[in-house]
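Student: Hints given; two lone chains; assemble the complex.
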Amino acid sequence: MFEELLEDIAQKNGLREVNTYLKLVAGLGAILLCLASMSYLPPLFIALILTGAILLLAHVEVKTYAELFIVPLWFAIMSVAGIILISGGQEVFWSWDIMPGFALSITRESINEGVLVFCRIIGGMSAMIFIALTTPMTDLFIVFRQCRVPEVVIDLMMIIYRTIFILMDQVIQVYQAQVMRLGYSTWRESLYSFASLCGAVFIASWDAGEDLIRAMDARCYDGKFALLGENRPIERIPCIALGIFLLLAAAVVIVAGSTTIL
Amino acid sequence: MSSIILEARDVHYRYPRGMEAICGISFHIRKGEKIALVGPNGAGKSTLLKMFNGMIRPDSGLMLFDNQPIGYDTASLRMLRKRVGFVLQNPDRQIIAPTVYQDVAFGPTNLGYSEPEVKEAVTKALRHVGLEGFERRPPHQLSGGEKKRVAIAGVLSMDPDMLVLDEPTSGLDPSGSEDIMELLDELNQEGKTIIISTHNVELAYPWADRAMLMLGGTILEEDIPEVAFGNPEYVRKAHLSLPTLLELHSELQKRGFNFEGKKPRTVLDMMQCIETIVRNTRSPVRPGTITICNVDKANQQDVSGWFSLRPKVTVGAMGTRAKQHAENCRIKLDFTYGVIDKCILKALLGEDTLIMTTTSMVKRVTQRVDAYCQESGIRITVNHVVTIPEPANKEGGDLP
Chain A
1 MFEELLEDIA QKNGLREVNT YLKLVAGLGA ILLCLASMSY LPPLFIALIL
51 TGAILLLAHV EVKTYAELFI VPLWFAIMSV AGIILISGGQ EVFWSWDIMP
101 GFALSITRES INEGVLVFCR IIGGMSAMIF IALTTPMTDL FIVFRQCRVP
151 EVVIDLMMII YRTIFILMDQ VIQVYQAQVM RLGYSTWRES LYSFASLCGA
201 VFIASWDAGE DLIRAMDARC YDGKFALLGE NRPIERIPCI ALGIFLLLAA
251 AVVIVAGSTT IL
Chain B
263 MSSIILEARD VHYRYPRGME AICGISFHIR KGEKIALVGP NGAGKSTLLK
313 MFNGMIRPDS GLMLFDNQPI GYDTASLRML RKRVGFVLQN PDRQIIAPTV
363 YQDVAFGPTN LGYSEPEVKE AVTKALRHVG LEGFERRPPH QLSGGEKKRV
413 AIAGVLSMDP DMLVLDEPTS GLDPSGSEDI MELLDELNQE GKTIIISTHN
463 VELAYPWADR AMLMLGGTIL EEDIPEVAFG NPEYVRKAHL SLPTLLELHS
513 ELQKRGFNFE GKKPRTVLDM MQCIETIVRN TRSPVRPGTI TICNVDKANQ
563 QDVSGWFSLR PKVTVGAMGT RAKQHAENCR IKLDFTYGVI DKCILKALLG
613 EDTLIMTTTS MVKRVTQRVD AYCQESGIRI TVNHVVTIPE PANKEGGDLP
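Which chain is which? The protein sequence lines are A and B, in order. Heads up: the first sequence at position 67 corresponds to 67 in our numbering, and the numbers run straight through without jumps. If you count the second sequence from 1, you need to add 262 to reach our numbering.
Just chain B, with the same shape it has in the complex (with noise of 0.2 Å):
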């Protein structure tokens, strides 16, 4: 098990005049974690998450990162949020700069980088989030999603261990919503520690590690999001309402349905729970292959012929870069979140997918493939073949 990266031990915070926001919270988060914090308006996510970079320094109690109590000092502050990087709820209220590249360029500036480095630190951050080319837009020409990216990307450019998002999918359309999801997900796979608040318990039960439920300034419940959001009273009493996999999995249950294993958190799992007691009626079918297109290493080959033998192939990305990519490449995505489960799906009917990622990713699908088809005893076969061929303007990765 990782080490712990923040802790608290029971901190207390109460506002000038106002009443007690934190009664007394423990928790510890260790490196690479996803954890979500959810609860309802007022619970105290906000405050919380400002104690961890300095913004809000408790009452009483202790806040340790990296196993070193926050220093309240500006160069301890400086330090402590140069590794914690942490993005307002309001991207209009973070962006502060009048061009994108200014505003990302903030971070690395005020820490002393030369102009070189700086600029490094820009692409590479804007290059993170997709928003290639954007330098020079003035902000309030974006939509919503795109401030957002532009909120995170100024947080990446210092190359922060941990990022705190305060309600990262609020006023995001579902896809934009996912979107953030899946950024996030690849920034956590590249080793950051992510920390995010939300109301929105169906984004937050499949995507975190670990769940805290929050109310009245104290912590109801923190385990895995199974257990933690699978209490129907906690639930309730946090304002909150049941996952809708967790619900249909109670009920079933309740049916007489006998479920093996663990709680589903997908639509994947469910699946697999429900296949598990139906097998014996059904004709098993031959499962489909995944394959997985690297688009960073996708420059010397030509896809067509790929594509040819298999005209009806059904095509994922994930990654704003994979999509940015295929869009590129003019072709038509039929996933574009939740990609591995759903190619898993569609392999189970015997149906063969695609899917288009980044390098960091690769080792992702197949890892979650295998652990299914250990779970499952299905055997899928995932295939690492396929170059995309370049489009006009080079825009892939020049990686190795």
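Chain A on its own, in the form it takes in the complex (with noise of 0.2 Å):
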């Protein structure tokens, strides 16, 4: 339901009339200053203005925005312990030899590496966010036709993005059905009932296959998928604000240098 969940917010947020393709800029833009950057501090900069253009541009809920942001968060710093304990270093603070060769230790140098890697991971996925909550799939459709990416490949992420919702309610209602007729009140009998869920499903999907291709028999389909809309004008205030952005970013990218927090 989480897909459903971002693909609506997108659908409204604030930020939906403006240029697919400046957005696209601003995250990938963003993305690229941040792997540039070798001091902690831009990605942060960068994070803190996307999250800004999100809460406030994009009117999305900050409540949303904080649990799409825990969740990765969470993988970030256990990958971050593991960055800091196991790479080595000169100036070192802690140590644990474990076995002959083997050793986990906390050093100046990986302790800078872990903050770069934690604050990259951050500004990187605010940017991510950003690209997610503000363009929808729908809006991408265009800007992939316009990036010449082949039409069936186009045509089937089309078919596909229609038939997750349909195969998602149809999921929905078999398991609610299940868990009504109390399907998943022992272990044993979840595994029944979720082995029942998969049958259902792919009978489900199975018809609504045969269902498509007859809907677009009734509809004279000769090969041509749908025309896609057109994407919305590049206006001035938009493409200047993105334009200040990534200069101000860049400035700090290069102004920090290699800035370590130890």
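By construction, these hints were calculated from the structure, which means they are not laboratory data. Worth double-checking, as some hints may not be accurate.
Said to hold, decoys possible - A partial selection of chain A residues facing chain B, derived with a Cβ cut-off under 7 Å:
#1 Tyr161
#2 Arg162
#3 Ile166
#4 Leu167
#5 Gly209
#6 Asp211
#7 Ala218
#8 Arg219
#9 Cys220
#10 Tyr221
#11 Lys224
Even for Gly, the Cβ is constructed at its ideal location relative to N, Cα and C.
Tutor: What follows is the structure, encoded as structure tokens:
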């Protein structure tokens, strides 16, 4: 249901009417700058601005945004902890020799690297979430076509996109029907129920596929999937804002150089 | 009488490894007719409907469209499907594209229209079903009624001569159902032949020109609704119920009330029947007037004067565009379906009413009122005056 939630937010967000390219350039540019930065500060700066844009311009609720952020944050914390413990360095703060030839240690260099990676993750994540929350799939299809992605691939993507929601409905219905009849009360029962859920959805998707062909045939299908709508025009203010954002972020990257936390 | 558009001659069909679904059906449908195919589950309604656009090929017998036998090669089927629009029962299965615009554009694109032509066809179709501004919405965010409208628009954009709808009102709330039936009426008024299948007797009874009762793959009865639904034995056999009005009529008749004329199809007809009996005992009221407002032409004058003279006037709107217009003008609607009849009923009580509608339906209103006046001998005045102030954002039509 989470996909549906994300897509629904994107369909209604405050930046919906902004040209898709501008939003993509903002997101992808931010990711590249995060990677290019050798200091932990610029990614944090980028994250701050994009978070502001998501909350204030796109009118996404703080709670939704926080929920989205927290799940991958746990992964980030765990991997950063690994990096800090495993990578070595000159100035050792703490170390533990587990066995000969393998030791865990915390050093100045490892902390610096860990913090840099962590901040890059935060910056990159905010950029990804920015794209996900402001650009619905339906707008991306237009961009794909303009970027010469093969028609077959786009057609397939569109059919899959549409079908996901239909199957999702089906899954929810079957699942609720099972829960109502205590389908998941015991572990054994859960196994059975899950198996029959998969079976039911498989059959449903088969049916849906046949109906899809019938529906397309009934409307004179001739190998052409529907035309796409048009992209929004590039307006001056968003364009200037994007320019300022990228320039500012690049400036911060250059100024910060390779400042480290310790 | 108009020419025959669709004909079946002794059609049989058996599903692979199944029982016979259609056992020898013959009928014909004329251009511009409204046909309701009524019957219980498993009567073969859907199967029969699918033959109309060549989705199912009969095992034996002949289907003719426009007096030509239906061909089952790809080219003929394309031509046929362009002219016969088919709306599936489940709009989720019919809507295939990720946005409303793309879905409605699907047919025209595949018919090889140019991009501006596609755009025009889509705009027109969406306007017809009252979904302007929904172009970029994904279908899974729409309500059941809106999805149904998108499905209908997807077919309308190909400008078919005939519309076939399988259970058009299933899963819709009563007012949503009435809206769809009204939309079908509007399309019919523009000359399209419309065939629906349904279980809903109450809905089909006043709507259809002719009804076909189906049972077990055969046509039990095929006639005007008063006759088709008037035979209690057939109705019981077909697992249906008598329309309430017909039942009331026959019960009253059994109790010695002598009704003249044809059987009632609407509450108005029923009132007429009753009025004729009690006329002598009641002092006649001077009937009120009905005023028609064509929202397509409503762009010059201020109507607030009109409204201030008649603060308690009852307002009804026919058609989605008229309803939208009323909403934009903040006019409170008293009637949104069955509008003409309800306004005549009001007029009989001596009250004035206003009907907001679109160009294509104006004639329909006058025809209906005239027909009623002729039948009942009561004179109801119909005015064509009012223009409604333009809403802030211009949504009304630009028609001449």
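Student: For every hint, state whether the structure bears it out.
Tutor: Structure-based check of all given hints:
1. Tyr161: 5 Å, holds
2. Arg162: 5 Å, holds
3. Ile166: Hint holds; A:Ile166 Cβ to chain B Cβ min 6 Å, cut 7 Å.
4. Leu167: 11 Å, violated
5. Gly209: Result: violated, 10 Å to nearest chain B Cβ.
6. Asp211: 4 Å, holds
7. Ala218: For A:Ala218, the interface hint holds, since the closest Cβ of chain B sits about 5 Å away, which is under 7 Å.
8. Arg219: A:Arg219 check passes; min Cβ-Cβ to chain B is 4 Å, inside 7 Å.
9. Cys220: 5 Å, holds
10. Tyr221: 6 Å, holds
11. Lys224: It holds, given that the least Cβ distance between A:Lys224 and chain B is near 5 Å, below 7 Å.
Hint compliance for this structure: hints 4, 5 are not met, and every other hint is.
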